[in-house]
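Use these hints to put chain B onto chain A, whose structure you have.
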Amino acid sequence: MSNTFNISRFCKYFGFDLKSRWKDQGLFLVIFAILPVIFHLIYLFFAALGYDGINALFSGAPISRPPLGLRAGVFALATGIFLMVFPSRTYGFLTDKAQGSEWIELPASRIEKFTSMMLTCLVIIPAAFFCVYLLSDALVCLIDSNTGTSLFGAWRDFDPGFSEGMVQFGAKGLWFLVASVLQTVSVFLLGALLFKKGKISKTILALFVISMTVSAIAASAASMIDLKTFAETLEKWAENHLGNIDFWFNFWSNLSLVVVVGGLGLWSWFKVKNLQH
Amino acid sequence: MIEIKDLSFSYGKEPVLKSITTSFEEGRIYGLLGENGVGKTTLLTLLCGLKKVGSGSITTDGENPFNRTPSLLEKQYYLPDEVAPTPMTADGYAKERGRFWPLYDHEKFLHIMKEFENDPDKKMSQMSAGQLKKTYIAFALATGAKYLFMDEPTNGLDIPSKAQFRSAIMSHTAEESTIVISTHQVRDLENIIDPVIILDKQEVLLNASMEEISDKLFFDYGTTLKDGSLFREQLPGGFLQVYPNYDKEESKVNVEALFNAVHAHKDLIKGLFNKKEA
Chain A
12 MSNTFNISRF CKYFGFDLKS RWKDQGLFLV IFAILPVIFH LIYLFFAALG
62 YDGINALFSG APISRPPLGL RAGVFALATG IFLMVFPSRT YGFLTDKAQG
112 SEWIELPASR IEKFTSMMLT CLVIIPAAFF CVYLLSDALV CLIDSNTGTS
162 LFGAWRDFDP GFSEGMVQFG AKGLWFLVAS VLQTVSVFLL GALLFKKGKI
212 SKTILALFVI SMTVSAIAAS AASMIDLKTF AETLEKWAEN HLGNIDFWFN
262 FWSNLSLVVV VGGLGLWSWF KVKNLQH
Chain B
819 MIEIKDLSFS YGKEPVLKSI TTSFEEGRIY GLLGENGVGK TTLLTLLCGL
869 KKVGSGSITT DGENPFNRTP SLLEKQYYLP DEVAPTPMTA DGYAKERGRF
919 WPLYDHEKFL HIMKEFENDP DKKMSQMSAG QLKKTYIAFA LATGAKYLFM
969 DEPTNGLDIP SKAQFRSAIM SHTAEESTIV ISTHQVRDLE NIIDPVIILD
1019 KQEVLLNASM EEISDKLFFD YGTTLKDGSL FREQLPGGFL QVYPNYDKEE
1069 SKVNVEALFN AVHAHKDLIK GLFNKKEA
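These protein sequence lines map, in sequence, to chains A and B.
Read in order, the letters of the first sequence correspond to residues 12 to 288 in the working numbering.
Read in order, the letters of the second sequence correspond to residues 819 to 1096 in the working numbering.
Next up, chain A with everything else stripped away, as it sits in the complex:
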């Protein structure tokens, strides 16, 4: 049996990992994912209080429902918080002496453990969160028909294309969501592996320091180049590639995504590989 990667051992480990993570963090995921129901009930309660008291809820009075924009805002906020918090809750235990040692000593290869961790964090948990969140939102809209369109319905019908002068970029909403999830989770997963305590706050602080440093470097670089010539070169390049500028736009954004997520993933791999207790 291979010591590097064995599919049957990986399946056994992956199943074990998923089950363990579900036992530890299932309730946390469910609470976040049924937020549309909780939010709807809280909104109705306060709307009824503001209208004619709590009886308005049962008298069929025309009390207002949370508008789509507000629900989308809550969705964005809940998603942001969830994506920042769940990596440290699910794999932050690796830096704990007792639990981390136990994880290291479990007979599966490092690649199998790492693959399982990445699949769980980058695919399974975010997918489960979005599915349950959108389903519970749809359920609210189905039960309380006065709520209006569900988030999923609104998103499906939304035309995310935006224009930049003469060029139309075919911005794909789903891909933007996937890209944001991959980047955010990769950053906070690495933070969970690097920091023993204050994993989320230290990750945010590190991001702040990095962005300030990059901004300072970019500003000093910009002061050294001739911006007019640079803008002209960029414009010339855009004119020459008018026919396939959307391809280049997607290419560069995807390349940057691959570089960022790949780099963070590689760093996480080396951290896991050399984890010591």
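In case anyone wonders, no lab produced these hints; they're calculated from the structure.
Below, a list of computed lysine-lysine pairs in the PhoX-like style, where the Cα atoms sit at most 20 Å apart:
(1) A:Lys282 - B:Lys870
(2) B:Lys869 - A:Lys284
(3) B:Lys869 - A:Lys108
(4) A:Lys108 - B:Lys870
(5) A:Lys207 - A:Lys282
(6) B:Lys926 - B:Lys964
(7) A:Lys284 - B:Lys870
(8) B:Lys913 - A:Lys34
(9) B:Lys869 - A:Lys282
(10) B:Lys913 - A:Lys30
(11) B:Lys940 - A:Lys34
To give an idea of the interface, some chain B residues facing chain A are shown, with a C-beta separation under 7 Å as derived from the structure:
(12) Lys869
(13) Thr887
(14) Ser889
(15) Leu891
(16) Glu892
(17) Glu900
Bear in mind the structure is a predicted one, so any value in this text is a computation, not a measurement.
Every residue, glycine too, gets a C-beta built ideally from N, C-alpha and C.
Just chain B, lined up with the frame of chain A:
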């Protein structure tokens, strides 16, 4: 077999282990003794691959434990001093994790839990420290691991449990198993450990079997004090004294007295035990 060659390890600039060369043979229960902070736990964690050696090497059946290959992990189990109170039943915990050790025997786990008078259906997070430790010991023995590394396994165990632990170690480990037990509670384990390894600051002071120890040292449980003892302690109704065994008399090794004698006369003891090897 575990072989350590010229092993050094330090935390930052502070050296903990320096140029250690020793080996752990199959079919033995090693007692790893030493004062606080001499590196017993560090050595155990190096042996099971939780830490990377600074210089030198450790090989277990020819493999570097830090590579953490599944084939080696399947053959070993590390029981730390502090264990995690997982929020699940002991039975569920053992069933889920046991699948990863090919020789794991769940019936054996339940049997040892019964011997320990421990309820396998109780949640581990609701267990007392002693019950939790016994659960992990039962699991460690049920894995059928060839190499068992235990850090202070009797810490937190009550008096009957210590006897149960000794009995479980003797009856539920395979003959070819190598067990390394780090402990301060030498009286709890002196009847089962053989050989004894005494670590001092950065070095191994002694690595000898009980037979070698009783061959080189005489443990006198008499009532009269004699000159030239390496260590002496008053006991009810007499004395315990340790001497070099020049007359090759037979005596029962007292590990605590041995430890104290070794610490009081490091160079003499090293010379005494190295003589034979030379």
